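Colleague: These are the residues of each chain, in order.
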Amino acid sequence: MIDQLKMIVVLTLISCVAALLIAFTNAKTKDRIARQRVVVQQEALLQIMPAGVTVAENKAPLSSANDTLTYWTGVAGSDTVYAFKVATRGYSSTINYMICTTAEGVITGMAVMEQNETPGLGARVQEVLSKRLIWNGLGGPKEKTASWFSEQFKGISINQPIAIDKTAGEWHGLDEKGRRRLKDKNGITAITGSTISTRAITNGLSTRAKTYLKAIRG
Amino acid sequence: MPIELLYPVIVVGSVGLFFGVGLAIASKKLQVYVNPRIAQILGLLPGANCGACGYPGCSGFAKAVAEGKTEASGSVCVPGGSKIAHAIADILGITADAVEPMMAVVHCNGGSDKALERSRYEGITDCHAAILIGNGSKICQDGCLGLGSCVRVCPFNAIHVTKEGVAVVDADKCTGCGKCVKVCPRKIISLIPKVHKIFLACSNHDRGAKVKKYCSVGCTACSLCVKATPSGAIIMENNLPVLDYAKEENFIPAAYKCPSRCFTDLVKTRSKANIDTKCNGCTACVAVCPVPGVISGEKDQRHVIDKDKCIGCGICLNACPLHAISMWGVGPLVKTTAGKR
Amino acid sequence: MTNEQQPTKEPTNESPMAADGVKIETFQLTASPHLRQPESVSHIMMWVVIALLPSLAAGVVFFGPQALLLTVVSVLAAIVTEWAIVKFLKKSAAIGDFSAVVTGVLVAFNVSSTLPWWMAAIGSAFAIGVAKMTFGGLGANFINPALAGRAFLMAAYPSAMTRFSPTTFGSLSGIDGISSATPLAQFKAAMADGSFQALDFQDALSNLFLGNVGGCLGETSALALLAGGILLLYKRIIPLRIPLVYIGTVFLLSWIFNGTGAHFTSSAIIIPFYHILAGGLFLGAFFMATDMVTSPITPAGKIVFAAGCGVLTFLIRKFGGYPEGVSYSILLMNLFVPLIERSTRPKMYGKVKNRD
Amino acid sequence: MPRRYTFNGGVHPPHSKSRTERLPIEVFPAPKKVIIPLSQHIGAPAKPVVKRGDRVLVGQVLGEPGGFVSSPVHSSVSGSVLSIGPYAHPMGRQIVSIEIENDEKNETIAFTASIKAWRDAAPQELVQQIQAAGVVGMGGAGFPTHVKLSPPSNKPIDILIINGAECEPFLTADHLLMLERTGDFIEGVLILKKILNAKKCFIGIEENKPDAVKKITSLLNDARLREIRLCTLIAKYPQGGEKQLIRAITGREVPSGGLPMDIGCVVQNVGTTVAVFDAVNRGIPLYERVVTVTGPAVGSPKNLLVRIGTPINFLLEACSFNQKSVRKIIMGGPMMGLALSDVNVPVIKTTSGLLAVDTTTPALRTYPCINCGHCIRACPINLVPSRIAKYIEKENYQAAEEWNVMDCMECGSCAYICPAKINLVHWMKLGKYHVQASRAAAAARK
Amino acid sequence: MMIGQEIKRGIIDENPILVLALGLCPSLAVSTSVQNGFGMGMAATFVLTCSNVIISLLRKVIPDKVRIPCFIVIIAMFVTIVQLVLKAYLPALDKQLGIFVPLIVVNCIILGRAEAYASRNNVFKSLIDGLVMGVGFTFALCILSVIREILGSNKLLGFKFVPGFQPMTVFILAPGGFFTIAFVMGVVRYIGNRKRGVRR
Amino acid sequence: MMNPISLIEISIGAIFINNFVLSRFLGLCPFFGVSKKVSSAAGMGMAVIFVMTIASSFSWVIFNYILHPYHIEYLRTIVFILVIAGLVQLVEMALQKYSPTLYESLGIFLPLITTNCAVLGVAIINTDLNQTTGSPYTFIESLLNGIMSGVGFSLALLLMAGIREKTEFSPVPKALEGLPIAFITAGLMALAFLGFSGLNFFPAVGG
Ligand SMILES: Cc1cc2nc3c(=O)[nH]c(=O)nc-3n(C[C@H](O)[C@H](O)[C@H](O)COP(=O)(O)O)c2cc1C
Ligand SMILES: Cc1cc2nc3c(=O)[nH]c(=O)nc-3n(C[C@H](O)[C@H](O)[C@H](O)COP(=O)(O)O)c2cc1C
Ligand SMILES: Cc1cc2nc3c(=O)[nH]c(=O)nc-3n(C[C@H](O)[C@H](O)[C@H](O)COP(=O)(O)O)c2cc1C
Ligand SMILES: Cc1cc2nc3c(=O)[nH]c(=O)nc-3n(C[C@H](O)[C@H](O)[C@H](O)CO)c2cc1C
Ligand code: SF4
Ligand code: SF4
Ligand code: SF4
Ligand code: SF4
Ligand code: FES
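Residue numbers (this note's numbering), protein chains in the order written: chain Z, 1 to 218; chain L, 1 to 341; chain W, 1 to 356; chain U, 1 to 446; chain E, 1 to 200; chain D, 1 to 207.
Just so you know, not all the hints are guaranteed correct.
Said to hold, decoys possible - In silico contact screen, one side only, chain D against chain U (beta carbon under 10 Å); selected entries:
1) E168
2) F169
3) S170
4) P171
Claimed, not checked - Below are the BS3-like pairs computed for lysine-lysine, each with C-alpha atoms no more than 25 Å apart in a straight line:
5) K91/W - K163/L
6) K210/L - K51/U
7) K37/D - K210/L
8) K37/D - K347/W
9) K30/Z - K95/E
Everything labelled a hint here was simulated from the structure, so no lab data went into it. Just so you know, these numbers come straight off a predicted model, no measurement behind them. Even for Gly, the Cβ is constructed at its ideal location relative to N, Cα and C.
In isolation and in its complexed conformation, chain Z is listed as follows:
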């Protein structure tokens, strides 16, 4: 009987102590964790919004379900831009991204937040190109470049069909003329070998994003 009692007591005690220690750590870190979450959001917002706007968080009802949509407005003078999150099914995962558009639906910035596509293929929607080689870059500061894939969405209108050009090569390799020609077509380039992931995003823009923007604008 003593044995049994000992088992109970030891296991319970260890559990309690462990829980206590964890809870203690949590208490010490939870503010920072929360802040980290906001920071990421904030950084993304800053990236996709035009410079110099004042940001505010809002909610809008969605007509389809009794859900609400969280969005952010950025006000600069008389212009207002709207930022919100979109999620669409890509090749092997759901791609979560955030866009910011003008009231007319012209994208001022796009950032992919989360995805689990194939590395080297679909995952390149988040690719940040680094030109730096290891031997001349180890000590230096980290580059802060936006993903080229997101970059090309600037100026694209979600209210018109978005073209995917697979023939021109990838956007980061294009010269100014090529980029302009794309813009004129309201088009973007695909990631080679990942048309599905690319199309997932453009589809999301011309379907979900469009409805969200409508919902926001009332």
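Start from chain Z and add chains L, W, U, E and D with the ligands according to the hints.
Modeller: Chains L, W, U, E and D with the ligands alone, transformed into the frame defined by chain Z:
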């Protein structure tokens, strides 16, 4: 205690309590008898439950070991390594008792340079396989087939087949486990006490005249070895001498006398006898020495031994009433063979 | 034990039986049977290479000399890799059984003609070096080396592997006027956006049959592949049941689930033909699903295997992320081979009744 | 076209019979010396009943059977016993044999046929006569015929099959026997049928012996012989295997581990049938048999009627065999025969042929198994030889047993067809040996 | 106890991944880049060392029947602490390692060491064991991730590695992980065999 | 809420596309440990399915009714593992007592399973967001995901065991014998399983 610390403690604590109680009750109510050895062995195992042994977890392996279904050698339990193997052996009580150390010997020396073949065997490299088609390719029906069934079965890498095609045991590596003895289809491997170092390297039962035709190291059943061993430790059975290692340990003269060089002495150079100044020339040694002409000297004079001819059998040692003879040299002293090391 | 037949000892020429008068050499002592049919493994492999030649010719005709270059490089890479590994491992097994050549050719046949040559070499080296030799060489691998090489390249260089060029006669999809990657991609796109026109696709069939369409360099010409396949069938090197069941399954499934909602309209009848002629189905069915090393040894198992390949091919083509499914379906079925073999053991003679 | 019978599996090696199939049987003169092994059959060896120096006559008993499953041996020459002792046997081992010097007088014992005509004799008597004549299966295994002819009462025999397939390439001994002694052969069949009281009787002959088929058919047209039917078999190896023959003709399958009599069948070879005729009708014991001597290294191949015990080098020389180029000598056919190490071994009751192979046959290069499955298709027992061989190679005899290695009859079809030239039959033999050894060990433990 | 020898034991003789083949999941899943590999290694080392110490301290107190739950609770505590700290201070790494941080709990090597070592040895020995095993784990992870990062993305520590080299994506996918560890293990064994003179 | 299509998606996803072993890298230790023989792989597979079912259902309940309401989600690791380990140990003891035959074929694998990534992994994944739908798993979804992940694991295990039984016959180079060749086998299997990636039976559901 603030509430944000309390909840966790209550939740985790109660889960702990729940299972504590559960396991406590279970350990009482659901007790099943297990072989205590299993628990003991389990205690020795690394407990990584990695499954590398091929058993479901450490307990499965422990069970198998305790039931003798597998060996606990280091290669089976990778994380445990060879260290635990010994510890487990202790539990199972399979540590070797102090027995006479034995070694395997191959009773054949008829390589392709010495024994003739009647055909060219081309088939599976395995002695049983050779036996199955035409009883092997040697003319000698008892000779080593040289296809190495024994080599493959030896866990200690102690046998190899020479390039002439006979199996040879490495005395240093052989542990006397006897696996090769069992496997040899010709039944020409046997265990001898390790101290002996002399054995008959032929298994042929044919009559001498016949043997001579096809093997230059074949036993012709001339019986000289029998005569050279007056104790009767060698008898001739079915045209082949049989050595009784229990009876007599000195087979050196027999080995020396064999005209066909059928005996193998694992000691390459034996120590030689030497007669010191105590010798009074009684000639007792001359009478017993199996090799004529080794010991010379006038009667009542100190005798001398021709070191080149002495075979180191040590028989003269016992014959000398004055203990004037001793063995000199590198080889093991013959006398020590009687005792256990 | 080894099963190599090696004379273990130097033969002695003089026999002691000379005593009895007849003086002869020693005889060879082997197990029965003493008679063997002449065809050997290298003959078989050589025939497969020969059967692949028409398709190589078709590849050169439709994709230009680049096709030949890729094939040669790939074969060389395969041979060199095998040779180097055999040397490194000091294996006694001599090479020269032609199986590496088959693998090399098939790797090349499974890539686009626009692939850089060094990628083809890497694919071949992987096929031989990792998928085959690590398991001990010919006969020991469980997965089709050439297809493993292709899958490796697909995962390593996905964009280069999915870039195709039009044929020298200008057709990419087999359907004039529409430009898309391969016939199957074109088909998928057409089905997806509803622009499927039975007539266009009917016209495309003859191009598909001849091979005047985009795709991997050895897979496009159904005609050439069929010629090679028939040669192998005639030589009894491959069993008819594998290609028949494989192609038949794809045909049936793509007819039943043709996506048009009907079964006897002209589109519904065109679709299955299009499916079996497009993509690598013929190449896979005649040359890769039949690789004996990586397909079940049992007669019944071969049928299960081929049907499985057919079902998977169809599923991947219809629901997968990319239009082609042959290579992955064969690879996947390779994994099932041991289990299939276990469960399709032939019924032994005399197993019916029990002894009383 | 009449129905052609066959079985599943099998292979088509070249027949190679053309050199001897038209040559009449020649009587080979008795040699100076014969060696008669006391074991020429399955079962206990015979026990010698003569001593060194005894004078013996042709047909005189040299050894009495060592049990029920055993058979006596008889002298094939007249002369004196030179020695009794171990002597090289075709199987490779030394076997106790009786060496007799021929005095060239060819004196025979008095052959006593059955007291009555066989049709009136009781089956029992006939079986005794057959046993006394030392008749054993001449189709290869050498199973004592009297045992096969005495089935236990709970296993009635309804079908007798005469095995005239002679599916082994090169061999023509049975073929010639059927041509030259057709009448005796048919009468032998009738004797066997009477002994077994079989309802049906079939003679199976491969269609590559059309002359034998024709001759026997014409004989069987006789109204009294209506109960014997001739079945032409597709020429395929191993059509003459007992199990295959039964399958082909009756559709029955001998159960695994069982015997033909379990399904009411008995199969006898042509040579055995003729020997039965000789034993019953003339009282002649089995002291000579027909042997086909042929092969690439033989200059003038022949069908010879040879005294049992003749050392084979005499036969080879008589057929001008090329000593220089010979590479292998085979007793029996090329598919199941034994490679010999010694040209002094004697012809025994089961020696149906002698082949000398020369060096022009190319050496084999082996490859690893490529899983082609040809061996499975070829195996008449439907085994998976490649898999079994791999288990045996890995010394997993238990798995080999599970995969029915013991049902392999070592016909060699698998090894013949294998493109990797794997020694499948050798592995099977090894596996069977080990399984048997472990079974024996298990039995001994009980 | 010789520290040098102990370290050699952890890194070479009893390397948790390459020799004992434990803790395979994280080693394959996170060795796609050196940063991840090293981060995971450090996290595991921390947990391993701390839990070894605590378990060794409590080894006389814990009854055998509830041994596993107790060990697991102790390990899980440290893991959760690590996770919270990572989330707070190294959020990017935490995101990369993802589910494999909480899974350190069940990493076979940690419970394995607890059972095999800490519950049988004194505190100091257990501490050292935890450290050297952790170092060995980290070391192996680093080797794997260097190979995979270079071949799979032509990068090292996030920097471009060889100009012009076209990386093989497959090496950061699951198959590449398996191939890499097989290759490294093969090389380790080959060298070991060479030393012991075993035929190839 | 209950969408049959999403249930099929989850099943296919868990078995083939995101196979625990071959694409998620979970449960590798038992995968390599118990895949030497088909017979033990089958037993192990059944046991894994059983434990994963238990783990995913209990953890979902605990997470959604205790941890989430009290905002102590950070305790998920410790609570889940404690519950799983405790339950499995109880089940094992009960089996040993009441059904020795079942214990022989399944129970002996249980201790091996408690401490592997796959089981805790499924519990954690089930309380994360659903990858295909982007919303939290419902109880049914979570249960199904647990079972199907177990099935996926068992499938990979069985295939692996079949292949390893076959490679027993192969003359694998010395240095690669044992684990390295098993890794290469797994790598090649994973290569083949890439064929399932992107399989999407109901394109409408996602985008
Ligand atoms: C292993 C593997 C992973 C893949 N991953 C992705 C992916 O992440 N995103 C994607 O859009 N397509 C992916 N694909 C799909 C192929 O690359 C597909 O052929 C391609 O999307 C179509 O070619 P295209 O993009 O050049 O039109 C993958 C294919 C394979 C075999
Ligand atoms: C041990 C043993 C016992 C046999 N017993 C009988 C028997 O009682 N009755 C019978 O008809 N045949 C018996 N046979 C003979 C076999 O059925 C078969 O005819 C013989 O083995 C020769 O066949 P083969 O030439 O096809 O190898 C026996 C064979 C063996 C090996
Ligand atoms: C593979 C194989 C092939 C055989 N071929 C023949 C054959 O061609 N002719 C024949 O008479 N017996 C052949 N036998 C022997 C028969 O199986 C059977 O033993 C024989 O016909 C029985 O008759 P017996 O006892 O009179 O010899 C063969 C046996 C085996 C195993
Ligand atoms: C009919 C046949 C088909 C073959 N198919 C392939 C193949 O698809 N891929 C390949 O690498 N080797 C193939 N080979 C060659 C060989 O069997 C293969 O390299 C083995 O898998 C190597 O062990 C084939 C051989 C034959 C006889
Ligand atoms: S001693 Fe025996 S087992 Fe060893 S090689 Fe000689 S015959 Fe074979
Ligand atoms: S098998 Fe045993 S007895 Fe024989 S040589 Fe090896 S260690 Fe010695
Ligand atoms: S030798 Fe045995 S395994 Fe081979 S075909 Fe004949 S019966 Fe079948
Ligand atoms: S015939 Fe030969 S190569 Fe073919 S499967 Fe059988 S053993 Fe293997
Ligand atoms: S680390 Fe995942 S099961 Fe061992």
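Colleague: The structure should be examined with respect to each hint, and the outcome stated for every one.
Modeller: Hints and how they fare:
Nearest Cβ of chain U to the Cβ of E168/D: about 7 Å, under the 10 Å cut. The hint holds. With its C-beta approaching chain U no nearer than about 4 Å, F169/D sits inside the 10 Å limit, and its interface hint holds. Contact between S170/D and chain U, as hinted, is supported at the beta carbon level, the nearest pair being about 9 Å apart and thus within 10 Å. Taking 10 Å as the C-beta cut-off, the interface hint given for P171/D holds, the closest approach to chain U being about 8 Å.
For the given pair, K91/W sits about 20 Å from K163/L by alpha-carbon distance, which is consistent with the 25 Å threshold. Pair hint K210/L plus K51/U holds up; C-alpha atoms about 22 Å apart against a cutoff of 25 Å. A distance of roughly 54 Å separates the Cα atoms of K37/D and K210/L; the hinted pair therefore is violated under the 25 Å criterion. Proximity of K37/D to K347/W is assessed by CA-CA distance (about 24 Å); at most 25 Å being required, the pair is judged to hold.
Of the supplied pair hints, the one linking K30/Z and K95/E holds, its CA atoms being roughly 16 Å apart against a limit of 25 Å.
Violation of the numbered hints given earlier is confined to hint 7; every other hint is satisfied by the structure.
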